[in-house]
Amino acid sequence: MADECCGPAEARPEPPAGPRRLWQVRELRLAALAAVLLGAGLLFSVTALELASAVAGAASFVPGAVRGLLRGRVGVGTLMTIAAIGAVALGQFVEAAMLGVLFSVAEGLEHYAVTRARRGLRALLGLVPPVASVLRDGGEVRLAPEDLVVGDLLVLRPGERAATDGVIRTGHTNLDLSAITGESVPVEAGPGTTVHAGAINGGGAVEVEVTALAADSSLARIVHIVEEAQERKGSGQRLADRIARPLVPGIMVLAALVAGLGALFGDPLLWLERALVVLVAASPCALAISIPLTVVAAVGAASRHGALIKGGAALEELGRIGVVALDKTGTLTRNSPRVVDVLTAGAGSAEVLAVAAALEARSEHPLARAILDAADEVPVADDVTAVPGHGLRGSQDGRPLRLGKPGWIEPGPLAGEVGKLQAAGATVALVERDGVLLGAIAVRDELRDEAPEVVGRLRELDIDTVMLTGDNARTATALAAGAGITTVHAGLLPEDKAALVTGLTGRSAMVGDGVNDAPALATADVGIAMGAMGTDVAIETADVALMGEDLRHLPQVLVHARRARRIMLQNVGLSLAIIAVLVPLAGFGVLGLAAVVFVHELAEVLVILNAIRAARIAWPT
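Each residue of the sequence shown is one higher than the one before, starting from 1 at the first, in full-length UniProt numbering.
These are calculated hints, taken from the structure and not from any lab test. All of these numbers come straight from a predicted model, not from anything done at the bench. Check before you lean on any hint, since a few could be wrong.
Here are the simulated DMTMM-like pairs of lysine to aspartate or glutamate, each with C-alpha atoms no more than 25 Å apart in a straight line [said to hold, decoys possible]:
1. LYS420 <-> ASP449
2. LYS420 <-> GLU410
3. LYS420 <-> ASP383
4. LYS405 <-> GLU351
5. LYS420 <-> GLU351
6. LYS420 <-> ASP382
7. LYS405 <-> ASP341
8. LYS405 <-> ASP383
9. LYS405 <-> GLU417
10. LYS420 <-> ASP373
11. LYS405 <-> ASP434
12. LYS420 <-> ASP341
13. LYS405 <-> ASP382
14. LYS405 <-> GLU377
15. LYS405 <-> GLU495
16. LYS405 <-> ASP496
17. LYS405 <-> GLU450
18. LYS405 <-> ASP373
Please build the complete structure, drawing on both the sequences and the hints.
Structure, rendered in structure tokens:
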């Protein structure tokens with residue numbers, strides 16, 4: 001929380017878990033006690049009970065304000081403390097008690113709301129089971145997750161959750177990742193499949209080799225990143241801070257002027273009372289909490305549905321997006337390409353695939369796996385180097401090899417057939433040895449089923465879409481047409497994508513895989529990594545990471561961010577309006593301390609309740 005609201009954070013220490021019920025919140029308990037004492041004092045006309053009520057209510061914020069003042073920190077708690085002490089000194093015990101009760105209620109609700117939002121995020125760690133079954137020394141033992149070491153072999157039975165990250169070594173099953181990625185459809189898994197902490201085994205028993213300590217698992221990393229993100233400030237939050245920081249000392253100066261100048265022309269006690277009312281009326285507590293609480297609620301809600309939004313700045317920018325640039329491979333497509341045809345020119349199909357596989361053996365390009373799967377054998381090529389945006393070059397038995405796109409390698413007699421394959425949406429790679437064309441390999445990555453629906457949804461949100469790809473124009477245009485995208489930029493190098501994103505009209509978001517598209521992700525107003533679960537580079541590069549593979553999460557997170565931004569603006573507007581209205585009314589004596597306290601703290605409660613709405617989210621299933 002900002003220091004301007006209700007005193008410094010250290011003024012009200014709480015255990016990490018925080019209160020789980022409203023009645024467990026210290027401030028609310030003190031407020032209840034003060035309310036009971038005030039009611040009894042009014043009922044029986046006992047001044048001592050009214051004074052005790054004021055003391056009980058002030059106990060929730062006065063000690064923290066005093067400690068802050070000793071450190072040279074002046075906040076809203078300081079203003080409230082001065083007002084409470086002044087009211088008591090003037091004999092207005094009822095007004096002082098009401099101030100204590102209402103301010104304590106508002107502060108307690110704020111504390112409870114923040115704790116609840118953070119607990120929702122920390123609950124992700126509850127997906128890790130308390131014990132795990134491990135094969136050690138020829139037998140099965142039960143261990144706590146923190147006792148697991150890399151290389152251990154976990155036994156994951158049907159219905160059990162994975163205690164940490166690993167790779168399946170034996171067995172076949174399906175994994176439920178809904179709690180992590182937000183996707184409800186289980187995924188098939190077998191030997192070699194990565195298992196993330198918190199995944200539920202929905203099929204047969206499997207043995208999983210541990211690849212990360214529980215403290216370093218993908219789930220723990222997600223929680224850590226989002227907790228850090230919640231502390232980051234967006235421009236809206238910085239605006240609230242910029243207003244609140246000078247406002248606090250400014251209010252104190254204003255109150256002093258009201259008391260001093262008023263005393264020159266009237267009753268000093270009357271104007272001192274009005275000065276105390278001005279202190280309360282102008283306190284910016286609601287303003288100071290309006291943005292941080294919204295950010296905590298919105299970021300936490302998104303993270304529980306598989307979308308990591310890295311702080312208030314990213315959240316606010318995401319809510320202003322007007323154009324989305326989409327990478328083709330792995331974003332609009334399924335990222336499971338396969339070889340659909342092999343063209344030959346002076347060599348057999350098997351030889352063309354073998355030469356291509358030799359160059360792709362260590363490649364991370366999405367099309368490499370399709371070629372390797374199609375090849376009967378994978379010989380080893382030497383001195384393999386990537387030529388960004390073009391292909392690969394290397395050698396075998398001293399003979400130079402090249403694999404790359406048409407244009408970098410001339411298709412020669414295969415030009416007509418290559419053109420037809422590209423028009424059908426296939427990506428074609430040409431294979432060359434000793435400067436002689438051997439053939440061409442056509443690979444196609446099918447469009448995601450949900451892609452047309454997503455593009456249509458973005459259009460409904462008045463968000464333009466463009467496709468950016470390094471693939472050829474024919475292939476890109478064919479896939480874009482299937483998705484409903486009319487603007488296509490093809491044949492791009494990584495730096496070309498970054499330049500194009502910079503030139504897009506309006507606030508832009510780039511959606512890519514977080515690795516090959518890193519320059520564009522960093523250049524866009526908001527970089528969004530798709531399918532980033534377990535990928536450190538994707539999470540670190542992007543402002544937003546969609547952990548699952550369902551593209552429908554994209555429009556949903558944009559809708560969520562827009563709603564959160566609206567709530568931020570509503571809260572800031574309400575906070576400033578309350579101050580603007582109450583200060584002159586308090587200064588001219590139209591409203592007394594009791595009325596100002598009630599209106600001001602009611603506004604703060606409304607801001608808190610409105611901010612909590614940002615935690616509501618409807619995710620696709």
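Do the hints match the structure? See the list:
| no. | hint | result |
| --- | --- | --- |
| 1 | LYS420 <-> ASP449 | 24 Å, holds |
| 2 | LYS420 <-> GLU410 | 16 Å, holds |
| 3 | LYS420 <-> ASP383 | 33 Å, violated |
| 4 | LYS405 <-> GLU351 | 18 Å, holds |
| 5 | LYS420 <-> GLU351 | 23 Å, holds |
| 6 | LYS420 <-> ASP382 | 33 Å, violated |
| 7 | LYS405 <-> ASP341 | 15 Å, holds |
| 8 | LYS405 <-> ASP383 | 20 Å, holds |
| 9 | LYS405 <-> GLU417 | 14 Å, holds |
| 10 | LYS420 <-> ASP373 | 24 Å, holds |
| 11 | LYS405 <-> ASP434 | 17 Å, holds |
| 12 | LYS420 <-> ASP341 | 12 Å, holds |
| 13 | LYS405 <-> ASP382 | 20 Å, holds |
| 14 | LYS405 <-> GLU377 | 23 Å, holds |
| 15 | LYS405 <-> GLU495 | 18 Å, holds |
| 16 | LYS405 <-> ASP496 | 17 Å, holds |
| 17 | LYS405 <-> GLU450 | 28 Å, violated |
| 18 | LYS405 <-> ASP373 | 20 Å, holds |
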